[in-house]
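Line by line, the protein sequences give chains A and B. Counting in the working numbering, the first sequence runs from -11 upward without gaps. Counting in the working numbering, the second sequence runs from -11 upward without gaps.
These are calculated hints, taken from the structure and not from any lab test. Some hints could be false.
Claimed, not checked - Here are the computed distance ranges between Cβ atoms for each label pair:
1. A:T54 - B:D187: 38 to 48 Å
2. A:E3 - B:L56: 52 to 62 Å
3. B:T79 - A:L56: 51 to 61 Å
4. A:A129 - B:E103: 42 to 52 Å
5. A:I65 - B:H156: 21 to 31 Å
6. B:V101 - A:D122: 21 to 31 Å
7. A:E112 - B:G4: 38 to 48 Å
8. A:L56 - B:H156: 19 to 29 Å
9. B:Q203 - A:L56: 55 to 65 Å
10. B:A180 - A:A129: 42 to 52 Å
11. A:P193 - B:P193: 52 to 62 Å
12. A:T177 - B:H109: 47 to 57 Å
We put the beta carbon where it would ideally sit given N, CA and C, even for glycine.
Protein chains: 2
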Amino acid sequence: EIAEALLPRAARALEGACVLLTAGPTREPLDPVRFLSNRSSGQMGFALAAALRELGASVVMIAGPTALPTPPSVERIDVETALEMYLAVMTRVADCDVFVATAAVADYRPVNVAEHKIKKHADEFTLHLVRNPDILGEVAALTASPFTVGFAAETDHVIDYARAKLQHKQLNMIAANQVGGAQGGFECTDNALTVIWDDGQCELPMQPKSQLARQLAQCIAERYQIYHASSS
Amino acid sequence: EIAEALLPRAARALEGACVLLTAGPTREPLDPVRFLSNRSSGQMGFALAAALRELGASVVMIAGPTALPTPPSVERIDVETALEMYLAVMTRVADCDVFVATAAVADYRPVNVAEHKIKKHADEFTLHLVRNPDILGEVAALTASPFTVGFAAETDHVIDYARAKLQHKQLNMIAANQVGGAQGGFECTDNALTVIWDDGQCELPMQPKSQLARQLAQCIAERYQIYHASSS
């Protein structure tokens, strides 16, 4: 195991590792035609799946609804709702060494899903929502949890929220970025990230998501190798 | 004006007419990242805009969020919410001869749109919604209303709902189709329609949306010519 830790930070730094990754938004139906969702395009997750694969990992990607093409040699499982994503993750998590949660999972879903299109004529309408499972938190809390990487997309206090989330959910790493502003994040081709772990952090500057994903994949591989060496 | 009514049902049956058309879904934000929307892909609306243009009409298309390319020689105005679509339609409606409402406009929007991403930790969450303007109904009720064509996408009792909507909103035509089933409608490349007017109806069978759009455009042109001749 010590030999593995001494390996150079080579091009195939994740050879032999299995990565489970979630990507894209989820959709929470109100009825057969209406849903709650969010502005995640899935671009960052798909680019990261490709970059992790390039480092030699076998990658299983569980993707919410997006029109993006599957990266080469990545196994893709399509889901729609947070509950479907939760079940798909829990079915595959025991086989993985690294779990990366890039998906923007809806926190809440409608209590009732109408079988037929809702016909409403009232001036007001109240939608009752219940909390979805916390996929990232549940994976990190598993007895034999994988090396777990979260994302924090926030409109403000990004770094504070991200470090709190890292500690509260006992993650190994978290990648934080600002959304809803003029630059970067959802619906943009460029993005910047602050990557945070227990005793350090690094800044990945504003750049196209495909390049940023390669830098983040390298960063995940480095921290995973240190973690793997110390826990083996 | 009589001469115009006697024109053959030629290839350019809408030459000189101005068509205003809405297409796609709308998105109703809860906060900077979350929204309510629906499964409309915009395909039928975009195909119909192209087909109406092919018949010689000048076409202005007001489109909700979709990734579809603008059809050749169609003027496109992009909007996100129902309120934005309403304002865009009301700004342009006085100049049009024909109004076609293919957009799946959200009936309701959140009462409050949070400026920052909502942080919620409760097990339940209640979302208060208010009714959006009825764009189609308001256009049809204008004193100098254009020839007005609506759509009815329903999961059941499609024809009954559509004829009721035609009469209640005083439309000139309505195109009805079943959605949320295994075949046709939202998120499908094929569709079938029943086109209904005051004293008649016709069936357009299941086929690719681009072909179906051409048949529907012909149907709109025929009914518009009769209407135009009788009201001139």
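Evaluated hints:
1. The hint said 38 to 48 Å for the Cβ distance between A:T54 and B:D187, and at roughly 46 Å that hint holds.
2. Taken as a hint, the range 52 to 62 Å is violated for the pair A:E3 and B:L56, whose Cβ atoms sit roughly 41 Å apart.
3. At about 35 Å, the beta-carbon gap between B:T79 and A:L56 misses the expected band of 51 to 61 Å.
4. Separated by about 33 Å at the C-beta atoms, A:A129 and B:E103 break the suggested range of 42 to 52 Å.
5. Roughly 45 Å separates the CB atoms of A:I65 and B:H156, a value that falls outside the hinted 21 to 31 Å.
6. In this structure the hint that B:V101 and A:D122 lie 21 to 31 Å apart at CB holds, the actual value being about 25 Å.
7. Evaluation of the 38 to 48 Å hint for A:E112 and B:G4 yields a pass: the beta carbon distance comes to about 44 Å.
8. The hinted range of 19 to 29 Å is not satisfied by A:L56 and B:H156, whose Cβ atoms lie roughly 42 Å apart.
9. The supplied range of 55 to 65 Å is broken by B:Q203 and A:L56, whose beta-carbon atoms lie about 33 Å from each other.
10. Taking 42 to 52 Å as the suggested C-beta distance range, the pair B:A180 and A:A129 conforms, at roughly 50 Å.
11. Checking the proposed 52 to 62 Å range against A:P193 and B:P193 shows it holds: the Cβ atoms sit about 56 Å from each other.
12. Judged by the Cβ atoms, the range 47 to 57 Å given for A:T177 and B:H109 is violated: they are separated by roughly 33 Å.
Checked against the numbered hints listed earlier, the structure breaks hints 2, 3, 4, 5, 8, 9 and 12; every other hint is satisfied.
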